[in-house]
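Each chain is listed here by its residues.
Number of protein chains: 4
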Amino acid sequence: MPKAGDKSSSRDIKVSKGAVDEAFKTLSNWGRWGKDDQIGTLNHITPAEIVAAAKLIKRGKTFALGIPLGQSGPQRGLFGKRWNPIHTMLATGTDALAGRQERLLYADDAINMPIQSATHWDSLGHIFYHDKMYNGHHASAVDSNGLSKLGIEHAKDKLVGRGVLLDIARWKGVDTLEDGEGISNDDLDACAAAEKVEIRKGDFVLVRTGQMEACLKRGEWGGYAGGDAPGLKFESCYWLHEKQVGGVCSDTWGVEVRPNETKDVNQPWHWVVIPAMGLYMGEMFDLAELAEDCAADKVYEFFFCGAPLNIPGATGSPINPQAIK
Amino acid sequence: MPKAGDKSSSRDIKVSKGAVDEAFKTLSNWGRWGKDDQIGTLNHITPAEIVAAAKLIKRGKTFALGIPLGQSGPQRGLFGKRWNPIHTMLATGTDALAGRQERLLYADDAINMPIQSATHWDSLGHIFYHDKMYNGHHASAVDSNGLSKLGIEHAKDKLVGRGVLLDIARWKGVDTLEDGEGISNDDLDACAAAEKVEIRKGDFVLVRTGQMEACLKRGEWGGYAGGDAPGLKFESCYWLHEKQVGGVCSDTWGVEVRPNETKDVNQPWHWVVIPAMGLYMGEMFDLAELAEDCAADKVYEFFFCGAPLNIPGATGSPINPQAIK
Amino acid sequence: MPKAGDKSSSRDIKVSKGAVDEAFKTLSNWGRWGKDDQIGTLNHITPAEIVAAAKLIKRGKTFALGIPLGQSGPQRGLFGKRWNPIHTMLATGTDALAGRQERLLYADDAINMPIQSATHWDSLGHIFYHDKMYNGHHASAVDSNGLSKLGIEHAKDKLVGRGVLLDIARWKGVDTLEDGEGISNDDLDACAAAEKVEIRKGDFVLVRTGQMEACLKRGEWGGYAGGDAPGLKFESCYWLHEKQVGGVCSDTWGVEVRPNETKDVNQPWHWVVIPAMGLYMGEMFDLAELAEDCAADKVYEFFFCGAPLNIPGATGSPINPQAIK
Amino acid sequence: MPKAGDKSSSRDIKVSKGAVDEAFKTLSNWGRWGKDDQIGTLNHITPAEIVAAAKLIKRGKTFALGIPLGQSGPQRGLFGKRWNPIHTMLATGTDALAGRQERLLYADDAINMPIQSATHWDSLGHIFYHDKMYNGHHASAVDSNGLSKLGIEHAKDKLVGRGVLLDIARWKGVDTLEDGEGISNDDLDACAAAEKVEIRKGDFVLVRTGQMEACLKRGEWGGYAGGDAPGLKFESCYWLHEKQVGGVCSDTWGVEVRPNETKDVNQPWHWVVIPAMGLYMGEMFDLAELAEDCAADKVYEFFFCGAPLNIPGATGSPINPQAIK
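Protein sequence lines correspond, in order, to chains A, B, C and D. Each residue of the first sequence is one higher than the last, beginning at 1 in the numbering used here. Each residue of the second sequence is one higher than the last, beginning at 1 in the numbering used here. Each residue of the third sequence is one higher than the last, beginning at 1 in the numbering used here. Each residue of the fourth sequence is one higher than the last, beginning at 1 in the numbering used here.
Wrong hints could be hidden among the right ones.
Here are the computed lysine to any residue pairs in the SDA-like style, where the Cα-Cα straight-line distance is at most 25 Å [unchecked claim]:
# : chain 1 : residue 1 : chain 2 : residue 2
1 : C       : K298      : D       : T46
2 : D       : K55       : C       : E49
3 : A       : K25       : B       : G99
Covered stretches of chain B (chain C as the covering partner; in silico rule of three or more C-beta atoms under 8 Å from a C-beta of chain C) [said to hold, decoys possible]:
# : segment
4 : 82–94
5 : 97–103
If you are wondering where the hints come from, they were derived from the structure by calculation, not from laboratory data. Where a beta carbon is used, it is the ideal one built from N, C-alpha and C, also for glycine.
Please model the complete structure; the sequences and the hints are all you need to start from.
Encoded structure:
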């Protein structure tokens, strides 16, 4: 539980490029787990954390946190070149019915999607700080052939452990936080306290703002992917560092609040948490059903399995994380 | 443990279209879980099975069973229209270094892959029996827009439970079974007995033939994807039904032995297990590291999390299943 | 020049499924060029037409009629599953600059696009009339493996000849026809007469409505791809048949007027011109620059080369047609 | 006709990085057509050349020079990340037959292909000379967003003119030149002389080696795409410069002879012709049928229309060039 004077409690940070640089230096994990380390904060998760997390499986109830992959997705061209997943068929039942198949009647299909177009992890090679990535790896290691350093494959068996839901929206008594509404360190602490849940080393912290549900209720994504959003304030990088979390996830596109707290740089919090801290980040998690359940049984901790696809050299992976209570 | 006279012990089945039809009738689960059921044998997994499985997490050691997704994959054009996963970059570190990005330096990428091109689940709409799918759904429900019935999305939170490794290759004392070498029901029982592990309702049974490792050792996939292979004999559909397994997985392309035991139809076992039984099937699992560990600690059971991507209407999903001991 | 009483002059057709069926019977070219014919009205173009068309190249001025292929395209999800072309890089100059290439410094790339997402031809297998295609080919010839009949490859050396621009918008004295504004046979005749150009056997008739330019001027495509549009009235199928044109093209998404003249069927004119007549149709042609030039020199005829890509089994081809004066 | 002492007749060039650098300086067209020029040697083609070329259309016979786009293509992973074109269906006749469509029965499809995977043009941004492209444009203009300079769109209406076939294989009396067999400037001159055809300013020179036909006859592409091949000797860059050709094309993967004449650099001729000269280059042209016809009527010149797709920022375009006699 936070105490006054904790270095990760809320402070008045005037976010700027200078504040980014300062946080970068203060929070850097470069070298902390060896010069060849490729997984950053996932090092906080040891067998002990996994064994402990397994004990949270008490009711045998599983929640799938991945949004549907398809044309209904949130991409609207606001950031980069991403598109919504394209699912196409290579063989169909209608072919079989028309006598176009022999000896084995089957359907087959394909998917074409940006890695980060729906629920996904960012790998540690997703964001650069000037010419460097996490742990000092040079940005030139990421070329058209992919990430020769820090790709998601390094985490292929590492995204398992204890999960905690911080249901900020419910704690605040709203359906959704507003676009631009920042979540402070004190908010995080107070929400955890209200939920009677402790944040521990190696945890996957899932932060619910309600924004995704608001979009789905409204029937249109609007600026969800790349526009304004509620989210973590910049100061949370200190909180996440002190708590030694394994990863942080949210029901928003980019976890951090938008518009950002500064115009100096785009996504100031990203500048720090990925390249300095090596923090694993999960975005666009569907937390609705899990949050309902946690509110009902008052248990906000669970076993979490967010295994990525094994895509060598990828900036992350589409996922369908499982929370198991 | 199997007893003489068990209906699932080895029998002399002369595999033929007739044998397929007979097994289809005998093993049909149509209607067993309601006329609208979309998940078949995953119904065998209830909260009790999941809670029990969680207790198998004792050492906190995780194994990733998905092969790398990329051009190194096994597709060689032997079956259908599948290709190896194509990973392309949408933004790179080299762009950032050249001053082509502003305010956020980042990498981004995309993947284009057949659903079944690497480690994956088959959903229950993957195979037709004449004009029907599992549970009597009509094949016309699978058109160019995807599977309007039996898509993988129905299993988005269902592929979790107890896993058991039947390391047939090691039990037989070989690096790999030979192409065309069938695994009988008696083999399955004897291997389980030797491993001192019991097959229980709802289990995910992982069958290791060694074929994948042989390909990797040889440095070329050859006919792995669609050619000859060791694998389960046709009779195993009876065994799997009696054991009430949740799913069956293997380190081969198609689980069942090839050349098939009949020339009447292609993949006779598939004709039965998917459309009649509604059995979830996992293919191309990388079992090497897990098998080494099981041989070392003599523990062949574990918590299994094989969450699929949430792809509405898909014939399955690429996966990176996790075995946790 | 049209004369009163010509069967292709404007008539009062009340468009309905019945009118479609009647036109289908009246205008059918099934068997006209042999039972194996795969190119329909392109048979109207013989070497004589090509030699004559070559004589229209007098000024050596070439016009490119294809719109840019990329994310700026008109697809907005209003019809089927089409997306705008996705152009991605496989190797870049920034990679070369970062020292990531050796011995050959190069750029490489890929494109992923629906065949009909931008300027394109429809091949004759694009539209079915009940269970049949042009020339009586069965619809089952078009399965997930593509068109085994009537694919665009049959026209790989056939889309060359005389082109004529009918600049309906300019003739009507407007920048653009309105959505829903139909072009009648009398309009076609009167416009040709005003332009002092004759429609001849085998011609590619390019009909300009101005709609595309209006969209580009407005800066947004809106309902261009699949929504309302000006275009040919249903009766034009008679006109095109009588004139024995080789193909008809327009600056709209679908050539025919929308909303359609009936609610019985979608795209009634398509139902007739492709499967009955075997008419080649070009859509989303950028006619702005050509039209300016024709207005300036009063010459509305030209050599036309609209070679498709050689994509076996395709419903058409993306193209960049050339008009050469 | 070549004369002894012509600077473009065969000379003893010992190909090396030094020879590349020397040729680069000698043959540079940087600035020749203005500092903003983006089309290089296509500037040699003026309206006069096009009007003259049109007069070569005498028999009204058209030849399509593009190979089929599909899985039958030549890509075998020998160069870069290219794959064979993937053609998939988005709507089918079998869907229509199964009652899965309404009011418009249609087929639809998509293609996903590397720009340079089959018959194609190289645009001038395809190859870099150190940090520069043709006309001094910097390599950083080619990033993950494509070519902001020298993309194929600049040639969208420029790839039309006179074509000449130099049928080297037939002139040498062989079905195919051998891999590694270089075509000298004297060969080019002698072949043209034997064909009684003159190379003129702005011409598209099509060089036939027979290699593609040999592959097709043999039934397998082998090393066609990126392996050894017959082709132009390095010295031909001088010949092509002196002749002021508009473009050069061949039935091989890369026009120039492989193994290359030096090990210093990969594709030494490419280093010069694209970035120094700004020469348009066409690869993998199917010249079989055209060559047969030319041999029969002894006419080796024709109207040539090789319009690219209008793909802004692309390294070239897939094409189906038309030779019209």
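Going through the hints against the structure:
Annotation: proposed proximity of K298(C) to T46(D) holds, straight-line Cα distance about 22 Å (limit 25 Å). At most 25 Å may separate the alpha-carbon atoms for a hinted pair to count; K55(D) and E49(C) meet this at roughly 14 Å. Taking the CA atoms of K25(A) and G99(B), the gap is about 23 Å. The hint holds against a cut of 25 Å. Counting residues of the segment 82–94 of chain B whose beta carbon lies closer than 8 Å to any beta carbon of chain C gives 6, which meets the minimum of three for the stated coverage.
Only when three residues or more bring their CB closer than 8 Å to a CB of chain C does the claim for the segment 97–103 of chain B stand; here the count is 3, and the claim holds.
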